[in-house]
Each structure stands twice: as structure tokens, then as C-alpha cells.
Amino acid sequence: MIDKISMERLYIYNSALAVVGLSVGFPAAQPIISGNYSISTLLMGIGGSGMIIGAGYESLRTNPDEFNVSATALFTVVGAACVSLLGTVLSIV
1 MIDKISMERL
11 YIYNSALAVV
21 GLSVGFPAAQ
31 PIISGNYSIS
41 TLLMGIGGSG
51 MIIGAGYESL
61 RTNPDEFNVS
71 ATALFTVVGA
81 ACVSLLGTVL
91 SIV
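The opening position of the sequence shown corresponds to residue 1 in our numbering, with each subsequent residue numbered one higher.
I should point out that these hints are in silico values taken from the structure, not numbers from a laboratory. Hints should not be assumed to be uniformly reliable.
Ranges between beta-carbon positions, derived for each pair [said to hold, decoys possible]: (1) Pro64 / Gly35: 16 to 26 Å; (2) Gly35 / Ser70: 43 to 53 Å; (3) Cys82 / Asn36: 42 to 52 Å; (4) Ser34 / Ala73: 20 to 30 Å; (5) Asn63 / Ser38: 35 to 45 Å.
Predicted, not measured: the structure shown is a model, and the values here were computed from it. C-beta atoms are modelled at their ideal positions from N, C-alpha and C, and glycine is treated no differently.
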């Protein structure tokens with residue numbers, strides 16, 4: 001039972017980081033594609049892509065049994081992902 005909880009924490013943690021990366025990088029995608037971009041838009045796109053790639057890499061390379069994160073840190077990252085996703089949705093709509 002403990003092994004299953006630690007495996008779920010790994011994927012929940014990395015999924016939340018990927019959601020934060022998506023909410024940072026997605027608003028920058030349209031200006032970059034259309035060619036109307038600035039340095040801040042490029043940095044948002046690069047940072048968001050890096051967070052998504054890093055979360056995916058960590059999910060593939062980390063042993064779920066050895067992953068250790070406190071419940072407070074997990075809830076903080078999930079909360080930040082929810083708030084950043086909500087902010088992105090509200091700014092697009």
C-alpha cells in the first residue's frame with residue numbers, strides 16, 4: 001500500500017509541474033507562431049516547454065519507490081497548478 005501511494009505522489013507531483021508549464025507556455029505559443037513576439041514571450045515559451053519536458057523526463061527516470069515528497073509540498077504544487085491553470089483560462093477567455 002505504501003509503494004502505491006509513493007508512486008501516485010510521483011506522478012501527481014510531475015503532472016502538476018507539467019500543468020504549470022503548460023499554463024506558462026501556452027499563452028506564448030500563439031504570438032510565437034504568428035511571428036509577433038518579444039523577449040518575454042520567448043522566455044515564457046522556453047520556460048513552459050522546459051517545465052513540461054523536465055516533468056516528463058523526471059516521471060520516466062525516477063523510481064517511484066524512491067520518490068519522497070512531503071504532503072505539504074505536494075499540496076502546494078497541486079494548488080499552484082490549479083491557480084495557474086485558472087489564471088490562464090481566465091486570461092484567454
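Hint-by-hint comparison with the structure:
1. Pro64 / Gly35: 16 to 26 Å: Given about 42 Å between the Cβ atoms, the range is violated.
2. Gly35 / Ser70: 43 to 53 Å: 44 Å, holds
3. Cys82 / Asn36: 42 to 52 Å: Roughly 30 Å apart at Cβ, these two residues miss the hinted range, so it is violated.
4. Ser34 / Ala73: 20 to 30 Å: 38 Å, violated
5. Asn63 / Ser38: 35 to 45 Å: 41 Å, holds
Violation of the numbered hints given earlier is confined to hints 1, 3 and 4; the remaining hints are satisfied by the structure.
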